[in-house]
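S.K.: For reference, the chains in residue letters:
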Amino acid sequence: MTDVEVETELANSGARPVAEGLFTWPDTPRLIATSCVACATTTFPKQASCPRCTGTDMREVTLATRGRLWTWTIQGFEPKPPYAGPIPFEPYGVGYVELAADAPGASSVLVESRLSESSPDRLAIGAEMELQIVPFRRDDDGTEVVTFSFRPAEAAGE
Amino acid sequence: MDVAIVGVGIHPFGRHPGVSGLEQGAFAVREALADAGIGWTDVQCAFGGSASSGNADSLVSNLGLTGVPFVNVYNGCATGGSALAMADRAIRSGDYDVTLALGFDKHSRGAFNANPESAGIGRWYGETGMMLTTQFFGMKIQRYLHDYGLPSEILAKVAAKAFRNGSLNPNAWRRKPLSEEEILSAPMLSNPLTQFMFCNPGEGAVALILCRADQAHRFSGRPVKLRSVSFKTRRFGSFEVFSPWLSPERVPGPTVEAAAAAFEAAGIGPEDMDVAQIQDTESGAEIMHMAETGLCKDGDQGALLGSGATEIGGRMPINTDGGCLANGEPIGASGLRQVYENVLQLRGDAGDRQVPGNPKAAFTHVYGAPGLSACTVMTV
Ligand SMILES: [Zn+2]
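Same order as they appear, the protein sequences are chains R and H. Residues in the first sequence are numbered from 0 upward in steps of one, following numbering that gives the first Met the number 0. Residues in the second sequence are numbered from 0 upward in steps of one, following numbering that gives the first Met the number 0.
One should not assume that every hint holds.
[Stated by the list, open to error] Covered stretches of chain R, as calculated for chain H (at least 3 residues, CB under 8 Å):
1. 21–31
2. 43–51
3. 94–106
[What the hints assert, rightly or not] Sample of chain R residues at the chain H side, in silico, Cβ under 7 Å:
4. Val17
5. Val36
6. Gly75
7. Leu109
8. Glu111
By construction, these hints were calculated from the structure, which means they are not laboratory data. Just so it is clear, CB atoms sit at the ideal spot from N, CA and C, and this is done for glycine as well.
Whole structure, please, built from the sequences with the hints as guidance.
M.R.: Given below as structure tokens:
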């Protein structure tokens with residue numbers, strides 16, 4: 000099954016996002032941000048005020064699904080609670096990806112995200128990455144919980 | 000009004016089963032009083048704190064109920080630095096002649112697990128495994144090495160130096176030297192940082208007695224002038240821990256402003272320093288802070304470490320007591336440990352790790368979550 004097919008199946012299976020308001024779901028997943036009307040600063044996730052100019056007029060915007068990797072690391076040991084990831088633990092990548100806002104004038108934003116790639120040889124600063132929604136864990140009642148992640152863009156659709 | 004440090008005391012760092020953080024704090028205070036040749040009744044005002052080991056002001060029931068005004072400081076990684084800044088101001092203001100600054104802590108193995116809600120972030124951030132200081136340090140140095148073309152091997156050089164210096168320090172926690180090969184081949188915790196490139200939560204306490212410099216001759220300890228203490232927090236655009244997002248705008252971190260303010264107030268610059276203690280919660284921090292404090296230029300760290308310039312016998316000795324890497328990090332005490340070390344170095348009392356050539360000027364720097372920094376300049 001391709002990644003796109005996995006995503007479609009997740010969307011149809013009643014899976015829930017790890018938190019409300021982080022990304023649009025289940026149709027056309029996009030990260031949800033806010034942009035300051037006064038100074039154009041974009042924040043992720045949504046904020047009611049702007050930490051740059053202290054303004055309180057924020058408009059909701061979505062973010063591009065592709066962007067460049069600004070920095071990265073690999074989480075090599077299992078974090079303590081409240082971490083609630085897949086069991087058994089597998090190392091995972093974490094990085095900041097610079098994403099444009101889908102709104103004229105709004106600044107771009109570097110979003111911290113899990114990365115689907117955990118091999119240092121396949122991660123590089125400046126590499127193009129692509130958003131994907133991935134299965135993360137199951138609730139006690141069996142509901143699939145999904146979260147956002149980024150993968151190297153060349154792997155898209157494989 | 001000039002300020003002098005006339006007494007220093009330390010409770011050894013490491014692990015001390017059965018000894019509470021408060022007890023370690025009281026031990027350090029008594030050591031500092033003995034060093035200054037005074038009693039607790041001579042202390043006119045006190046400032047102290049810990050991150051997780053109790054209220055410093057409760058120590059009066061141990062040290063003596065003298066009526067002294069005792070202010071509790073609770074300021075994260077800047078707890079010790081903030082206590083020192085206030086003890087310094089209390090003298091400069093003319094209100095007091097003799098003050099105490101104290102920091103102590105006792106953290107269990109693997110402390111420092113962060114709670115997203117208390118940092119104002121959604122629980123999802125912790126649930127999905129992004130709320131780790133170790134990750135932040137890995138990502139920050141990864142970008143720094145990339146920006147300045149530095150090899151990741153210099154991270155091992157920093158750690159090897161720390162453990163070598165720690166082996167010469169009787170108060171250090173980790174006193175076994177490790178080779179660069181052992182450090183590089185240790186488990187990778189957060190790429191490019193391995194296990195031995197990180198410090199651990201620990202225990203310890205440090206106390207300092209300050210006085211008006213014009214009265215320093217009345218005390219038995221050889222006085223060291225506290226030329227300046229500065230304390231700053233982050234601005235918008237600084238890359239700090241626990242940030243679900245960053246602006247594409249990058250501004251210098253709080254260290255840059257704190258160091259510049261400390262040097263300006265002291266009237267001497269980084270080039271005048273004979274020894275420096277800078278925050279090394281992991282190897283990458285020491286490398287980045289060398290440049291942020293002004294001790295070197297961005298990108299020069301590879302050559303400086305390669306030539307041994309930051310070793311005890313080098314041109315710019317850094318973290319001569321083994322730093323956080325060899326001493327561990329009891330949060331409240333960590334910043335004052337650096338001041339303690341510089342006082343020993345400037346007095347010529349640092350024993351096997353003494354910087355040669357009678358150092359005359361010294362610098363300290365702490366940095367911590369969620370983006371703050373405190374610096375001092377001292378001279379003899
Ligand atoms: Zn704004």
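S.K.: Would you check whether R:Val17 satisfies its interface hint, that is, whether its CB is within less than 7 Å of any CB in chain H?
M.R.: It holds, given that the least Cβ distance between R:Val17 and chain H is near 5 Å, below 7 Å.
S.K.: Can R:Val36 be said to touch chain H, with a Cβ gap under 7 Å?
M.R.: Check failed: Cβ of R:Val36 comes no nearer than 16 Å to chain H, outside 7 Å.
S.K.: Let me know if the C-beta of R:Leu109 comes in closer than 7 Å to any C-beta of chain H, holds or violated.
M.R.: Result: holds, 4 Å to nearest chain H Cβ.
S.K.: With 7 Å as the cut and Cβ atoms as the points, is R:Gly75 at the interface with chain H?
M.R.: 5 Å, holds
S.K.: Confirm or reject the coverage of the region 94–106 of chain R by chain H under the rule of 3 or more residues with a beta carbon closer than 8 Å to the chain's beta carbons.
M.R.: Coverage by chain H holds here, the residue count being 4 at a Cβ distance below 8 Å.
S.K.: Given that the region 43–51 of chain R was listed as covered by chain H, double-check it with a C-beta distance under 8 Å for 3 or more residues.
M.R.: Holds: 4 residues of the region 43–51 of chain R have a Cβ under 8 Å from chain H.
S.K.: Has the region 21–31 of chain R got at least three residues whose CB is nearer than 8 Å to a CB belonging to chain H?
M.R.: It is violated, with 1 qualifying residues against the three required.
S.K.: Can R:Glu111 be said to touch chain H, with a Cβ gap under 7 Å?
M.R.: Holds: closest Cβ of chain H sits about 5 Å from R:Glu111, inside 7 Å.
Against the hints set out earlier in the document, violations occur for numbers 1, 5.
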